[in-house]
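A.B. asks: As a plain string of letters, each chain reads:
Protein chains: 2
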Amino acid sequence: MSKTKRFFLSEDDIPRQWYNIQADMVNKPMPPLHPGTKEPLKPEDLYPIFAEELSRQELNQTDRWIDIPEEVREMYKYYRSTPLVRAYGLEKALDTPAHIYFKNESVSPVGSHKLNSALAQAYYCKKEGVTNVTTETGAGQWGTALSYAAKVFGLEAAVYQVKISYEQKPYRRSIMQTFGAQVTASPSMSTRAGKDILTKNPNYQGSLGTAISEAIELARTTPNCKYTLGSVLSHVTLHQTIIGLEAEKQMEMAGEYPDIIIGCFGGGSNFGGISFPFMRHTILEGRQTRYVAAEPASCPKLTRGKFHYDFGDEAGYTPLLPMFTLGHNFAPANIHAGGLRYHGAGVIVSQLLKDGLMEAVDIQQLESFEAGCLFAKAEGIIPAPESCHAIAAAVSEAKRCKEKGEEKVILFNLSGHGLIDMTAYDQYLAGNLTNFELTDADIQHNLDEIQNL
Amino acid sequence: MSKTKRFFLSEDDIPRQWYNIQADMVNKPMPPLHPGTKEPLKPEDLYPIFAEELSRQELNQTDRWIDIPEEVREMYKYYRSTPLVRAYGLEKALDTPAHIYFKNESVSPVGSHKLNSALAQAYYCKKEGVTNVTTETGAGQWGTALSYAAKVFGLEAAVYQVKISYEQKPYRRSIMQTFGAQVTASPSMSTRAGKDILTKNPNYQGSLGTAISEAIELARTTPNCKYTLGSVLSHVTLHQTIIGLEAEKQMEMAGEYPDIIIGCFGGGSNFGGISFPFMRHTILEGRQTRYVAAEPASCPKLTRGKFHYDFGDEAGYTPLLPMFTLGHNFAPANIHAGGLRYHGAGVIVSQLLKDGLMEAVDIQQLESFEAGCLFAKAEGIIPAPESCHAIAAAVSEAKRCKEKGEEKVILFNLSGHGLIDMTAYDQYLAGNLTNFELTDADIQHNLDEIQNL
Chain D
1 MSKTKRFFLS EDDIPRQWYN IQADMVNKPM PPLHPGTKEP LKPEDLYPIF
51 AEELSRQELN QTDRWIDIPE EVREMYKYYR STPLVRAYGL EKALDTPAHI
101 YFKNESVSPV GSHKLNSALA QAYYCKKEGV TNVTTETGAG QWGTALSYAA
151 KVFGLEAAVY QVKISYEQKP YRRSIMQTFG AQVTASPSMS TRAGKDILTK
201 NPNYQGSLGT AISEAIELAR TTPNCKYTLG SVLSHVTLHQ TIIGLEAEKQ
251 MEMAGEYPDI IIGCFGGGSN FGGISFPFMR HTILEGRQTR YVAAEPASCP
301 KLTRGKFHYD FGDEAGYTPL LPMFTLGHNF APANIHAGGL RYHGAGVIVS
351 QLLKDGLMEA VDIQQLESFE AGCLFAKAEG IIPAPESCHA IAAAVSEAKR
401 CKEKGEEKVI LFNLSGHGLI DMTAYDQYLA GNLTNFELTD ADIQHNLDEI
451 QNL
Chain F
1 MSKTKRFFLS EDDIPRQWYN IQADMVNKPM PPLHPGTKEP LKPEDLYPIF
51 AEELSRQELN QTDRWIDIPE EVREMYKYYR STPLVRAYGL EKALDTPAHI
101 YFKNESVSPV GSHKLNSALA QAYYCKKEGV TNVTTETGAG QWGTALSYAA
151 KVFGLEAAVY QVKISYEQKP YRRSIMQTFG AQVTASPSMS TRAGKDILTK
201 NPNYQGSLGT AISEAIELAR TTPNCKYTLG SVLSHVTLHQ TIIGLEAEKQ
251 MEMAGEYPDI IIGCFGGGSN FGGISFPFMR HTILEGRQTR YVAAEPASCP
301 KLTRGKFHYD FGDEAGYTPL LPMFTLGHNF APANIHAGGL RYHGAGVIVS
351 QLLKDGLMEA VDIQQLESFE AGCLFAKAEG IIPAPESCHA IAAAVSEAKR
401 CKEKGEEKVI LFNLSGHGLI DMTAYDQYLA GNLTNFELTD ADIQHNLDEI
451 QNL
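So the protein sequences, as listed, match chains D and F. Under this note's numbering, the first residue of the first sequence carries the number 1, and numbering increases by one thereafter. Under this note's numbering, the first residue of the second sequence carries the number 1, and numbering increases by one thereafter.
For the record, the hints were derived by calculation from the structure and aren't laboratory data. Hints should not be assumed to be uniformly reliable.
As the list makes no split between identical chains, a pair holds if one copy fits it or if it spans any two.
To be verified - Calculated lysine-lysine pairs in the DSS-like style (CA-CA distance at most 27 Å, straight line):
1. Lys249 / Lys77
2. Lys404 / Lys126
3. Lys402 / Lys92
4. Lys5 / Lys306
5. Lys77 / Lys5
6. Lys249 / Lys3
Could you build the full structure based on these sequences and the hints that come with them?
C.D. replies: Right, dumping it as structure tokens:
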């Protein structure tokens, strides 16, 4: 009867280094390009926008292990290790022979994995004499994490929140403000990028791409101010590998090794965070494991996008990145998983997908909430709408195990809780949510625009 | 530099018994009385409303230790032990020599300590063949916990939510519904108690007292249905002693013993939960520790109420309980700490206060949110408005330590997080919240009504 449900590491066992998968990749990611010269980017090219150390991490393809600064690791101890949980309740509800585990990042003080990178980014900024940081946020998870991390290291934070989230999720805004951040709905009239977009379309509800443009512009025009990003970039995913590194030790405590590893997919940082430490055994030792990215069907960059150089933002302020993309002008439907509404995938994940080292599935909105409600009842945790995509993929794998009578080990990342997203559950329970179908023409239209980049 | 911030127990060290302080009290609580006969209550008198085992626990004044059923302990393992946290951030912010610890009950899947008793109550109900449970909820913490616990043990749950919370906190309602509960705004037309109140006052915004009456009435009139309560009663506090029992072991891991223990105070279960296991050393060994209950100034049953027999609900369905009370018709101001808006204190705590074993302080609403925001910035966790009262009391003690240069050890219970209460923070940050002053006449008026009970 007595079965261990949760596995924790002692503070001593919390990893002391992040894992940089770029060092082990056979085909390295193609280089980001300077948008003007089309020359491969050097770290120095990023210094005007990002902290220098983060710029170097971004392009580091040689060092396999990167030390976690002691100051960051001390802050990790406030919520790490996060528990690895054996989902006995979900297994029972599905009557599956599969063993399902999830890494519970929702227990972080801000409710998601985003804090892992926010603390690192705020720390490096502080160390380099930066006084102000800017960023964008969609669902609000990243903005919340950065607001708190900025407070921890004594920085001022300015957050551009996608307007539709700003209005639909006032709780998130309040949390950021409680942590002392200045929050602005994007598009705003405070930047040229925002003004341009509002002039063209006064009722525009905003997108991550637009908010990124505004935050970068503010960073460029403010002294001692740097921009920070919550996903997509390689240094963000690097910081998130703490998830998988812990999970590896915890799976060992559980006496098992995952056959399938699943993460929801927005820009790739939580997926990469849980996957990459395991993937090194696939790359280096040929270990057979499936890595599954679960993206929303309404924003299918991995399953229906194109591998091409593209901008990371709408205004074209970022370097050109080699990625699976739907085009930087792609405007995703207003699904509640705001954190997954982004047009492109990070360069590492894009290369790995191209090389067949990982796979992707697309999940419809209704399927994601159905899985989320099942999980809530079985495990007692309301998952974030983003995380519901990972759960849906895990449920689907577990059902396949049942059909085939296979006792596979499934591990997924519960990237965050959904307590701030109850409006979405409300609408789902009331039958007011829909799926979104994209035609090939919808997608091709935006891809045509980037073919000459 | 490296300091342990969080202390956890292994699954093996999670307590196997709850602590029943009634067995050790020199002056036992006076007996609850049957409202008709005024005879002391026997467990059998409670069977029509409560599960039998819970009825026996309620009146048990002899057994010091009560076994935690294995099925309940297995569920505890999903979130227990909760961490004991050394609040280095808060200490720094206050520049105090005090050592501040908090027990973080907010990490429970439902976000508060309430699950500790909900699981126990649902388990006993199930074991005794009950199929349906009812309850009331104010802020929604207890209703959420019971909804999930009912789902765990396969029971149907019907929750009466105080109307003003139902309307102001729709997220809580959605969470309960996601767990499968049926939620009704109280007062409702579905019970005689509700109809009577609505007839007298059609715009009545509800109170815990009214919602209790409705839930009891539904339990009485529905086959195989029992009522459950989230605080006040002795068996609820018994289940909550898991908090203090864990904290005792964890303080030992930290190498310290608390001089002052603080809990916010609604009916007494979270306060008793963290205090009683320590208080046994005061009762049995004379150990000097201060136990401080922090109640809202707008509902000051401990600091300004009267020790008297009174009803637990508005309609007078409950037994008469010997307690510090403001009168069962006392209508507290609409402070955001909905869980503290209750007119009376549990019988055990009432007796302990009468005997001078504990003390109470009242906290104004603005002071509570000021402390909550300070804590959020210092520790990264948004506290529930209820918990803000405990934090305010801890802050005040820590400031006193600074003035006097005393290195006292302060332990408080962080009963829950405030992620569902961001409207309240929003209003506080916007300067739209007020304090509430009660005149002696306001209080006396309701006390006069109970003098012949």
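A.B. asks: Compare the structure with each hint and give your call.
C.D. replies: Now the hints, each set against the structure:
{"no.": "1", "hint": "Lys249 / Lys77", "in the structure": "both (16 Å within a copy, 20 Å between copies)"}
{"no.": "2", "hint": "Lys404 / Lys126", "in the structure": "neither (53 Å within a copy, 35 Å between copies)"}
{"no.": "3", "hint": "Lys402 / Lys92", "in the structure": "within (12 Å within a copy, 54 Å between copies)"}
{"no.": "4", "hint": "Lys5 / Lys306", "in the structure": "neither (41 Å within a copy, 47 Å between copies)"}
{"no.": "5", "hint": "Lys77 / Lys5", "in the structure": "both (21 Å within a copy, 7 Å between copies)"}
{"no.": "6", "hint": "Lys249 / Lys3", "in the structure": "both (18 Å within a copy, 22 Å between copies)"}
The structure shown violates the earlier hints numbered 2, 4.
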